[in-house]
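Asks: For the protein sequence lines, the chains are G and S, in the order given. Heads up: the first sequence runs through residues 11 to 320, numbered per the working numbering. Heads up: the second sequence runs through residues 234 to 568, numbered per the working numbering.
Take these hints with a grain of salt, some might be off.
As a list, the in silico DSBU-like pairs of lysine-lysine whose alpha-carbon atoms are at most 30 Å apart [said to hold, decoys possible]:
{"hint": "1", "chain 1": "S", "residue 1": "Lys452", "chain 2": "S", "residue 2": "Lys244"}
{"hint": "2", "chain 1": "S", "residue 1": "Lys336", "chain 2": "S", "residue 2": "Lys356"}
{"hint": "3", "chain 1": "S", "residue 1": "Lys565", "chain 2": "S", "residue 2": "Lys553"}
{"hint": "4", "chain 1": "S", "residue 1": "Lys452", "chain 2": "S", "residue 2": "Lys554"}
{"hint": "5", "chain 1": "G", "residue 1": "Lys242", "chain 2": "S", "residue 2": "Lys337"}
{"hint": "6", "chain 1": "S", "residue 1": "Lys565", "chain 2": "S", "residue 2": "Lys483"}
{"hint": "7", "chain 1": "S", "residue 1": "Lys356", "chain 2": "S", "residue 2": "Lys337"}
{"hint": "8", "chain 1": "S", "residue 1": "Lys565", "chain 2": "G", "residue 2": "Lys242"}
{"hint": "9", "chain 1": "S", "residue 1": "Lys452", "chain 2": "G", "residue 2": "Lys293"}
{"hint": "10", "chain 1": "G", "residue 1": "Lys242", "chain 2": "S", "residue 2": "Lys356"}
{"hint": "11", "chain 1": "S", "residue 1": "Lys244", "chain 2": "G", "residue 2": "Lys242"}
{"hint": "12", "chain 1": "S", "residue 1": "Lys565", "chain 2": "S", "residue 2": "Lys554"}
{"hint": "13", "chain 1": "S", "residue 1": "Lys337", "chain 2": "S", "residue 2": "Lys470"}
{"hint": "14", "chain 1": "G", "residue 1": "Lys293", "chain 2": "G", "residue 2": "Lys242"}
{"hint": "15", "chain 1": "G", "residue 1": "Lys242", "chain 2": "S", "residue 2": "Lys336"}
{"hint": "16", "chain 1": "S", "residue 1": "Lys483", "chain 2": "S", "residue 2": "Lys470"}
{"hint": "17", "chain 1": "S", "residue 1": "Lys452", "chain 2": "S", "residue 2": "Lys336"}
{"hint": "18", "chain 1": "S", "residue 1": "Lys244", "chain 2": "S", "residue 2": "Lys553"}
{"hint": "19", "chain 1": "S", "residue 1": "Lys452", "chain 2": "G", "residue 2": "Lys242"}
{"hint": "20", "chain 1": "S", "residue 1": "Lys483", "chain 2": "S", "residue 2": "Lys554"}
Pair by pair, the computed Cβ-Cβ distance ranges are [as the list claims (entries may be wrong)]:
{"hint": "21", "chain 1": "S", "residue 1": "Val546", "chain 2": "G", "residue 2": "Ser157", "range": "56 to 62 Å"}
{"hint": "22", "chain 1": "G", "residue 1": "Asp250", "chain 2": "S", "residue 2": "Val425", "range": "47 to 53 Å"}
{"hint": "23", "chain 1": "G", "residue 1": "Asp250", "chain 2": "S", "residue 2": "Glu420", "range": "47 to 53 Å"}
{"hint": "24", "chain 1": "G", "residue 1": "Asp250", "chain 2": "S", "residue 2": "Thr335", "range": "41 to 47 Å"}
{"hint": "25", "chain 1": "G", "residue 1": "Lys293", "chain 2": "S", "residue 2": "Glu420", "range": "38 to 44 Å"}
{"hint": "26", "chain 1": "S", "residue 1": "His486", "chain 2": "G", "residue 2": "Thr271", "range": "53 to 59 Å"}
Sample of chain S residues with no beta-carbon within 10 Å of chain G, all distances over it, derived [what the hints assert, rightly or not]:
{"hint": "27", "residue": "Phe333"}
{"hint": "28", "residue": "Pro401"}
{"hint": "29", "residue": "Pro454"}
{"hint": "30", "residue": "His472"}
{"hint": "31", "residue": "Thr476"}
{"hint": "32", "residue": "Lys483"}
{"hint": "33", "residue": "Pro524"}
{"hint": "34", "residue": "Leu560"}
{"hint": "35", "residue": "Ile564"}
FYI, nobody ran anything at the bench for these hints, they're computed from the structure. In this text, all values refer to a predicted model and were calculated from it rather than measured experimentally. We put the beta carbon where it would ideally sit given N, CA and C, even for glycine.
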Amino acid sequence: MTIPGLFVIVALSLAGAFQTETQTGASARIEGEAQVESTVGIPVQVLQVIYPGPELEVRDVDPRTTPIVLRIDAVYPHGADYRYDLTWSGMEAGTFNLTDYLRRKDGTESTDLPACTVTVKSVLAPDSIDIQLDIPEKGLIPATYRSAWLIGGIVWVVGLLGFIFLGRRRQPSSVQPAPEDIARAKLRRIEQLIETAMREPAFSVQQKAELDLLIVDFWRERRDLTGVAPDKAIQTLRNDPEAGPLLQRAERWLYDRPENTSREEISALLAPLRELVREAAIKGRPSLSGTGTASGRETGTSKAAEGGRG
Amino acid sequence: MDQPVVSSDIKSVSRFIDAIRERVGRVVVGQDIVVERTLIALFTGGHLLLQGVPGLAKTLLVSVLSKSIDLHFSRIQFTIDLLPSDILGSEILDQRTSEFRTKKGPIFTNLLLADEINRAAPKVQGALLEAMQERRVTIGDTTFNLPAPFLVIATQNPVEQAGTFELPEAQLDRFMLCHRLEYPSVEEEREVLRRNAGLGVQRRDGGAVVQTEFDVLEKEPVGHAEELIAAMEAVHKVHVSDTFLEHVVKLVHETRNHPQLELGCSPRAGISLIKASRARAVIHGRDYCIPEDLFSLAEDVILHRIRLTYEAVADGMTGKKILREILDRDIKSAD
């Protein structure tokens, strides 16, 4: 109240600072003190302003573009009306109505409020400063602090979920062919290799290695030994009355010194094996249940025995 | 082709092996695979690492084996305060002659049992492993060759890891085989207890002690260095076909390219696979290697040489599972 430069309402009236009568026909009634003129950027107060009707609050404005920044410092009941202590500061030169920056707190119309006109002067000459505000279009940045946090939170959660579920190394997902197709393909391949071995003396090392393991796999499936460790499975097969002799002859052909095996012996080994494979291919997949095809076993045994004698 | 032609070398070696097995079997129950692995190491000049909890007759096995072949045997219990000189030997001052004299350490033996090798400090492990590799030791200014044959059988307890120094992969690679011992079966366990209950009391120096299995070891060997040398020569004559080499190369390369393995097999692993397979072939009376040798030895040759990726460990994978998967895939998708 003792701030120099403040004027008592009477003095203000005399100085004609309030032009509300002429502009709007009615003005806010001020029972305290007011400074209605200021320079750009300097905050000043208007005390004990009485506005009729329900309580008021400051309108939302964009602080980067508004010419007046208004704040309600205090609100007092005044009969059916309210008294307000206001602080305002001008951001650009001109004459402004503080009432334009107020609204009813209960949301009702506030167009009937009396004006409270203030003047902002600039110390500098007009257009001496060219302020280029790089203000983005509305909507490009979050409207409020809360929404910015909300968007940030959503991004964080989505990122975390992505890291947990998508960041882990994915197992290569390939369409697996049906087991029957695999079995058929294997049988076909064994037959091809056997025929190549019988036909061509120069059976390559890779083909030998492939044929040997395919034969082991053939018998392993036939004897339901796929769940057994490979070395144990081979040991079991070598002692098998049907598979054992065949496997051991194949081992000697494939792994012993070449001079120890003649072409005739190779043919004698491979011919019954080819018959066995052909029979399995005709009857379907080599039995996975271990029961095999009874006739297949019998045939295999007899053919293997023939091969052995050969 | 029906009757395998087994050379006379293999036949005589088989008799020697059968005699050793029979002698070991009188004292040690079961553990056939361990005996086989020890013989493989002995015939190929490789070294053997046994992983297993205490009380599985490791020391007894090595002891009876050394006595069976008339080999000198030493045992070192590795502890944290062991020094390299405690193993290799040192120079000591002879006060009578005022000259330094070399005192050879326990490493100068044919069969060395390094018990709980991971309990010693890395510099001690390093000294032993270097001697294993070079088969000679330098004490002071003099270099001494280690006796031939020279075989180290080291043990590790996989359970108690407190106060141990884990052997790094580079040093583990020096062991040709790393075998994981398992508990005996129920029947074997019964036989162990039955034999132990049959031990009596031994009178000694006017007193008496309760007999242990070590007291009943037969002193008379079943073979000598000549038989052992013959076995080693037979191993080197075993035929390794190109087809078998193909399997080995494929297996070694698959460990290097497996997505769940950070460290695959070194070339030394492939060499060890071939060596060990040759010895196994001789032990099984063959003069050529077959895939069964490879599959049987793969775990012992490969598992201690590979290292899993962090992701594979986090997914609960083990080296054993991955190796099994590789071997299974090799058989299923031979191409």
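Asks: Of the numbered hints stated earlier in the document, which are not met by this structure?
Replies: 4, 5, 9, 10, 13, 15, 18, 19, 21, 22, 23, 24, 26, 30, 31, 32, 33, 34, 35
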